[in-house]
Amino acid sequence: MANVATSMTLEEIATSLERTLATGDDELRAAAIRESAVLLQIGETILERWIEAQGEVPTDKLREGFRLLALQRQGAKRDPSFNACRETCRELVYHHNLLQHEPEHPKTAQRIRLAAMVARHLALFVGGKLEVAGLGEFCCSSRPLHAQDAVAPSGASTS
Amino acid sequence: MAGKYRKVAYYPGCALEGTGHAYNRSTKAVGKALGLDLVELKNWNCCGAMEVKNVDPKLQTYLSARNLGIAEDMGFDTVMAPCNGCYHNLKKAEYDLSHDAASRDVVDRLSQKAGHKTYEAGQVSTIHALDWIKESVGEEGLKKRVKNSLKGLKIANYYGCMYTRPRHIFPEKDQGPGSESTAKPHFMDDLLAAAGAECVEYPLKTACCGGAHTLSDSDTSTKLVLNLLTTAEACGADVIATECPTCHTGLEMHQARAEKVFGRPTKVKILYFTQLLGMALGLSARKVGVQENLSDARDLLRARGLG
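As given, the protein sequences belong to chains U and H, one line each in that order.
Under this note's numbering, the first residue of the first sequence is numbered 1, with each subsequent residue one higher.
Under this note's numbering, the first residue of the second sequence is numbered 1, with each subsequent residue one higher.
Pulled out of the complex, with its shape left as it was, chain U reads as follows:
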């Protein structure tokens, strides 16, 4: 089963998620409400690591009722390419809602595992972003991280 503490590193989070994925169906079903809350909090902790790395204080505000979505928005403010994880966060919220509202659903164990996989994707994405931060552009669909510093080579000058 997953656990979370706000001080957890991304590696510790990944290990915790692996534990959830390896847990049997019956155990997952019995802890559906708790697991959904823990997975949502794991998502928040992952985003906190990114925001703190930018030298900012993670927000306590809610967006559409969820801190996770507010944190995602905060994380994307200085880096539009961070929006590549926007829908991943929304999927985590969606699975949280499914589990909270239908904990007895026949697919509960499957839903918990999918939520854990979504959280794992978020951790991998943020981990990758942290690793390359300062080295260059991670996401090809965004503007350069340091657009104002970008100097076009003479052959490609637009001026």
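Read the hints as simulated data drawn from the structure, not as lab findings.
There is no bait here: all hints are sound.
Listed below are the simulated EDC-like cross-link pairs for lysine to aspartate or glutamate, each with C-alpha atoms no more than 20 angstroms apart in a straight line:
{"id": "1", "chain 1": "H", "residue 1": "Lys151", "chain 2": "H", "residue 2": "Glu140"}
{"id": "2", "chain 1": "U", "residue 1": "Lys107", "chain 2": "H", "residue 2": "Glu198"}
{"id": "3", "chain 1": "H", "residue 1": "Lys42", "chain 2": "H", "residue 2": "Glu72"}
{"id": "4", "chain 1": "U", "residue 1": "Lys107", "chain 2": "H", "residue 2": "Glu233"}
{"id": "5", "chain 1": "U", "residue 1": "Lys107", "chain 2": "H", "residue 2": "Glu201"}
{"id": "6", "chain 1": "H", "residue 1": "Lys184", "chain 2": "U", "residue 2": "Glu64"}
{"id": "7", "chain 1": "H", "residue 1": "Lys267", "chain 2": "H", "residue 2": "Glu292"}
Once you've looked at the hints, dock chain H against the given chain U.
Chain H in isolation, oriented as in the chain U frame:
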């Protein structure tokens, strides 16, 4: 709506002449089978891709604008780009030319320097291959033409990150019923379901594949792709359908690498949605280039009576 894009300009882009050749081949084959005309842009150039954009975004705007200008000169008001990167860049150029005077100045200056007319925003609409089929033939039209149903094939549809982001360059999306959703895209799901496939709920349909990490940090890319693959398998998918050559190549390449480097084999097959649609329309696997894919789906397709 049906019949809207029966004849459009076609911008294949660089990837479809290289690693994405099977996408080019299957897109053209599907168009022919559906009676749709694709007229390739004459003397097209790179859209600016990520390389140019990262160095000089306005130069990318010019490069994409030049392609839009060629479409206009050829008498078209619509250009279809099957590659997510190209589609994104042409849309971005259109947006920049509409909203940014500095971009207009740069495009005008470079166009004059290159000796061609300056493209002005609003003359040519850019559509994706999904829009093209959805709005020219539609699900009902497709159902009527299906000769070899995809029934029994479970598909996770993977749209990648550039088909819907950033939202502001896709003003036609999120316009209510019938339009594409940026939060939860469904056009590929709709078309493949019309061809008989069972599209599974896939929570990572627009998640990052780590494409831009591929050379600088391959392990991160492989881990991201491995999670996409294992999640698709957990959803019950036999196949991941793609609509972008970069995503497709990344999934295939890192599927092989995940097995080799991390000892994590996965069974899910990766096919372009146009390959799947083509086979549903009665085309052979060879005709839609299945043999060109790194992810060898031929046994699976034969077992399902396809291709």
